[in-house]
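Protein chains: 2
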Amino acid sequence: MNESEGGITAPRGVLAAGVCCGIKKTGLPDLAMVVSEREAVVSGVFTRNRVKAAPILLCQERIVEGKFSALVVNSGNANACTGQRGMKDARQMVRRAANLLGRPEEQVFVASTGVIGEPLPMEKISQGVAMAVEALGKDQGQRAARAIMTTDTFPKEAAVSLVIGDTSVHIGGMAKGSGMIYPRMATMLAFVASDANISASLLARSWKRAVAQSFNRITVDGDTSTNDMALAFSNGLSGCSRIHEGSREHLLFQEGLNWVTSTLAKLIVRDGEGATKFIRVEVKGARSQREGELAAFAVANSNLVKTAFFGEDCNWGRILSALGSSGASVRPEQIDLFIGPVQIVKKGVGLGKDRQPQVKEILKEREIELLVHLHQGRAQTEVWTTDLSYDYVKINASYRT
Amino acid sequence: MNESEGGITAPRGVLAAGVCCGIKKTGLPDLAMVVSEREAVVSGVFTRNRVKAAPILLCQERIVEGKFSALVVNSGNANACTGQRGMKDARQMVRRAANLLGRPEEQVFVASTGVIGEPLPMEKISQGVAMAVEALGKDQGQRAARAIMTTDTFPKEAAVSLVIGDTSVHIGGMAKGSGMIYPRMATMLAFVASDANISASLLARSWKRAVAQSFNRITVDGDTSTNDMALAFSNGLSGCSRIHEGSREHLLFQEGLNWVTSTLAKLIVRDGEGATKFIRVEVKGARSQREGELAAFAVANSNLVKTAFFGEDCNWGRILSALGSSGASVRPEQIDLFIGPVQIVKKGVGLGKDRQPQVKEILKEREIELLVHLHQGRAQTEVWTTDLSYDYVKINASYRT
Numbered sequence: 152m153n154e155s156e157g158g159i160t161a162p163r164g165v166l167a168a169g170v171c172c173g174i175k176k177t178g179l180p181d182l183a184m185v186v187s188e189r190e191a192v193v194s195g196v197f198t199r200n201r202v203k204a205a206p207i208l209l210c211q212e213r214i215v216e217g218k219f220s221a222l223v224v225n226s227g228n229a230n231a232c233t234g235q236r237g238m239k240d241a242r243q244m245v246r247r248a249a250n251l252l253g254r255p256e257e258q259v260f261v262a263s264t265g266v267i268g269e270p271l272p273m274e275k276i277s278q279g280v281a282m283a284v285e286a287l288g289k290d291q292g293q294r295a296a297r298a299i300m301t302t303d304t305f306p307k308e309a310a311v312s313l314v315i316g317d318t319s320v321h322i323g324g325m326a327k328g329s330g331m332i333y334p335r336m337a338t339m340l341a342f343v344a345s346d347a348n349i350s351a352s353l354l355a356r357s358w359k360r361a362v363a364q365s366f367n368r369i370t371v372d373g374d375t376s377t378n379d380m381a382l383a384f385s386n387g388l389s390g391c392s393r394i395h396e397g398s399r400e401h402l403l404f405q406e407g408l409n410w411v412t413s414t415l416a417k418l419i420v421r422d423g424e425g426a427t428k429f430i431r432v433e434v435k436g437a438r439s440q441r442e443g444e445l446a447a448f449a450v451a452n453s454n455l456v457k458t459a460f461f462g463e464d465c466n467w468g469r470i471l472s473a474l475g476s477s478g479a480s481v482r483p484e485q486i487d488l489f490i491g492p493v494q495i496v497k498k499g500v501g502l503g504k505d506r507q508p509q510v511k512e513i514l515k516e517r518e519i520e521l522l523v524h525l526h527q528g529r530a531q532t533e534v535w536t537t538d539l540s541y542d543y544v545k546i547n548a549s550y551r552t
Numbered sequence: 152m153n154e155s156e157g158g159i160t161a162p163r164g165v166l167a168a169g170v171c172c173g174i175k176k177t178g179l180p181d182l183a184m185v186v187s188e189r190e191a192v193v194s195g196v197f198t199r200n201r202v203k204a205a206p207i208l209l210c211q212e213r214i215v216e217g218k219f220s221a222l223v224v225n226s227g228n229a230n231a232c233t234g235q236r237g238m239k240d241a242r243q244m245v246r247r248a249a250n251l252l253g254r255p256e257e258q259v260f261v262a263s264t265g266v267i268g269e270p271l272p273m274e275k276i277s278q279g280v281a282m283a284v285e286a287l288g289k290d291q292g293q294r295a296a297r298a299i300m301t302t303d304t305f306p307k308e309a310a311v312s313l314v315i316g317d318t319s320v321h322i323g324g325m326a327k328g329s330g331m332i333y334p335r336m337a338t339m340l341a342f343v344a345s346d347a348n349i350s351a352s353l354l355a356r357s358w359k360r361a362v363a364q365s366f367n368r369i370t371v372d373g374d375t376s377t378n379d380m381a382l383a384f385s386n387g388l389s390g391c392s393r394i395h396e397g398s399r400e401h402l403l404f405q406e407g408l409n410w411v412t413s414t415l416a417k418l419i420v421r422d423g424e425g426a427t428k429f430i431r432v433e434v435k436g437a438r439s440q441r442e443g444e445l446a447a448f449a450v451a452n453s454n455l456v457k458t459a460f461f462g463e464d465c466n467w468g469r470i471l472s473a474l475g476s477s478g479a480s481v482r483p484e485q486i487d488l489f490i491g492p493v494q495i496v497k498k499g500v501g502l503g504k505d506r507q508p509q510v511k512e513i514l515k516e517r518e519i520e521l522l523v524h525l526h527q528g529r530a531q532t533e534v535w536t537t538d539l540s541y542d543y544v545k546i547n548a549s550y551r552t
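Top line first, the protein sequences correspond to chains A and B. For what it's worth, this note's numbering labels the leading residue of the first sequence as 152, then goes sequentially. For what it's worth, this note's numbering labels the leading residue of the second sequence as 152, then goes sequentially.
Incorrect hints may appear among the rest.
[Claimed, not checked] Calculated lysine-lysine pairs in the BS3-like style (CA-CA distance at most 30 Å, straight line):
id, chain 1, residue 1, chain 2, residue 2
1, A, K511, B, K359
2, B, K545, B, K175
3, A, K511, B, K275
4, A, K511, A, K359
5, B, K275, B, K359
6, A, K175, B, K515
7, B, K239, A, K504
8, B, K504, A, K239
9, A, K239, B, K498
10, B, K435, B, K504
11, A, K498, A, K515
12, A, K511, A, K498
13, A, K515, A, K497
14, A, K497, B, K175
15, A, K545, B, K545
16, B, K515, A, K239
17, A, K176, B, K498
18, A, K545, B, K417
19, B, K545, A, K504
20, A, K504, A, K435
21, B, K417, B, K359
22, A, K175, B, K289
23, A, K175, B, K498
24, A, K417, A, K289
25, A, K504, B, K175
26, A, K175, A, K511
27, B, K545, B, K417
28, A, K497, A, K545
29, B, K275, A, K504
30, A, K511, B, K176
Source of the hints: derived by calculation from the structure; they are not laboratory data.
Using the sequences and the accompanying hints, generate a full structural model.
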């Protein structure tokens, strides 16, 4: 497996575009398109928020068929909480793209991200779709990655190549998201393309696994959104032989998919709204996977823990407190806690102030590792999060203005 | 029922003190004492965090007997995650008070609040306890309320008087807490005294009810702490006749208790760390009480909702998104939402931008009412919360420095 340049257009037969059509007041790119030259198989994971945006509802209908030709995405407006009109607009957005591309409407997917509750400016979108079709190109992947950004400060792309048989296979993707990131995805869009030859059902299983170990491991502020989706499609244009479940080739493919998704997930956390730190929270010795996740996310979502990291303050009591109210079965007198390589809590008790200068140095780093050992079982898990800074408040207090 | 001046010393035979013994680096009061001249019945509610501070463990032992003589509280150090030493220190703190007061050790309660993970400075505490015994007085209630403060910016007291038979009965209390406030209590201490004549078991039932409708209705940041407790004691010194369950007198007593606890709870929210707004979130039409609470707390705990309120931004989409991921069974197309008297969402769809100027004015207020109608059932609930400001981050990033 080799890391490669580029993103969503790295696989053969995948084109992209990103254009400015005036949805964002800033004049920045706000409409992206991705097209597969050949009909592809597709799999999707969607937000579990009960309030689902129109594009989510439409894609959920479409994913059943499992065929992909193109994707159109707008940023700046989420087309959520827009009722019947929102559904009509999403359909029209798709129809417009299908007509201009000459592809079946039911193979065109749609996504939106941005402010909730305002109708899409359909005239601008319609123009934007036409501009995107014109702009489609192999070298337009990053432009597309820019066009799906909202509060993101940089575009997020990742790509790998693998050799299956004697054929080069490519997997590449793009994502957006920098706040409202919480497991089972949150204001997060991720699109991954591949030119592998794989069945729809095997792609679906592989995609679920890849999402579980990447986008479902991250949190910025514990909020989940109305618009999240992660789509993967594969068009077979690499010319490689068919990938069968459990084969060496399948493992290789899965590894590539995992790398692309976890790279994108980490980029999202690194770009967390106002984040100054990337924090890896590892929990060992949990009674079950579920309990490990409860514990890890309780720490990763605690505002008190996150503000302490922002302040570079070794306030480990807040971490123990978060574990205690996580819902996981923890026994305080058995908890060990490490910040970086330094153990600061042993069997629930602090190891003294003399270790604090060392920890203080670690807390100045931009990347911090936290290891919690619960000593209750054998399950382990990790999640990735950020600190909570003034800028988080600033960005979110004035998002729409 | 009449609101009255004062706090914990409003009932007959209750004395208090608050002194400075040097636990806090600031030199502010940090040790409080409350004494009942006659042995009282007592009831308590304690944190559900699995990581419990030493004073919590000690009081949980003591509450079984149900007898109260005195209470000693320190601020500046939580005596949590301090292992066996912490238990020994808590016992010693109690023994010292019991000896100086000449009261049975098992009737003396203890509470601590402040930084987690550091041993109590026992020499200072020991001196402080002696000073407090000297300082005990009827007029020292507010001084005690000050001595239990941590990041609080003002002392929190409330008192009422009621007439039972032809006797005046008093209920008065004090509380601390301004962050880490989440239902089932969080870094929150509340102590309520009464001179009513009531059995231990009836006091316990009444106290549970009072706590449920007050301290369990508030949230500042969704974190629960290791040290929370709410204690009520009643010494019968008013000379009123015995209060029997279900009687008119009992209803009156409950009403008084509810008023004192909800007043204290609201004061805690008003003093929420960095808070600029007091927000009442009312949920109607929930399928069950439990679902109503899930929905209300999901809104009240969402960082995105809270930062939008800080920014006085009518970003109602975030409220719908929080409802959608709350775990309550909501149907987006049936949700109505009001900010103050203005309906801004009807059946899940925004009612248009023309209402926004009106809402903008409401959002400038210091107190904001939010009404969510789910139209799924008949249960309703309300919770009280704050916005999330720069100052919340500031206070919590540098709490220990």
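Hints and how they fare:
1. K511/A with K359/B: Violated, at about 43 Å.
2. K545/B with K175/B: 19 Å, holds
3. K511/A with K275/B: 28 Å, holds
4. K511/A with K359/A: Given that 30 Å is the threshold and the Cα spacing comes to 39 Å, the pair is violated.
5. K275/B with K359/B: Violated, at about 35 Å.
6. K175/A with K515/B: 26 Å, holds
7. K239/B with K504/A: It holds: about 20 Å lies between the C-alpha atoms, which stays within 30 Å.
8. K504/B with K239/A: 20 Å, holds
9. K239/A with K498/B: Distance ~17 Å between K239/A and K498/B Cα, so the pair holds.
10. K435/B with K504/B: Satisfied, since the Cα-Cα distance of roughly 25 Å is no more than 30 Å.
11. K498/A with K515/A: Measuring from Cα to Cα gives roughly 26 Å; hence the hint holds.
12. K511/A with K498/A: 22 Å, holds
13. K515/A with K497/A: 23 Å, holds
14. K497/A with K175/B: 26 Å, holds
15. K545/A with K545/B: 13 Å, holds
16. K515/B with K239/A: 36 Å, violated
17. K176/A with K498/B: Since the Cα atoms of K176/A and K498/B sit roughly 29 Å apart, the hinted pair holds (cutoff 30 Å).
18. K545/A with K417/B: Holds. K545/A to K417/B sits at ~26 Å (cutoff 30 Å).
19. K545/B with K504/A: OK: K545/B and K504/A at ~23 Å, within 30 Å.
20. K504/A with K435/A: Distance of about 25 Å is within 30 Å: holds.
21. K417/B with K359/B: 18 Å, holds
22. K175/A with K289/B: 64 Å, violated
23. K175/A with K498/B: Holds - the C-alpha atoms of K498/B and K175/A are around 27 Å apart, at most 30 Å.
24. K417/A with K289/A: 25 Å, holds
25. K504/A with K175/B: 17 Å, holds
26. K175/A with K511/A: 42 Å, violated
27. K545/B with K417/B: With Cα atoms ~23 Å apart, K545/B and K417/B stay inside 30 Å; holds.
28. K497/A with K545/A: Cα-Cα ~38 Å, so violated.
29. K275/B with K504/A: Between K275/B and K504/A the Cα gap is close to 19 Å, so the pair holds against 30 Å.
30. K511/A with K176/B: Between K511/A and K176/B the Cα gap is close to 21 Å, so the pair holds against 30 Å.
Figure legend: structure checked against the earlier numbered hints; hints not met, in rising order: 1, 4, 5, 16, 22, 26 and 28.
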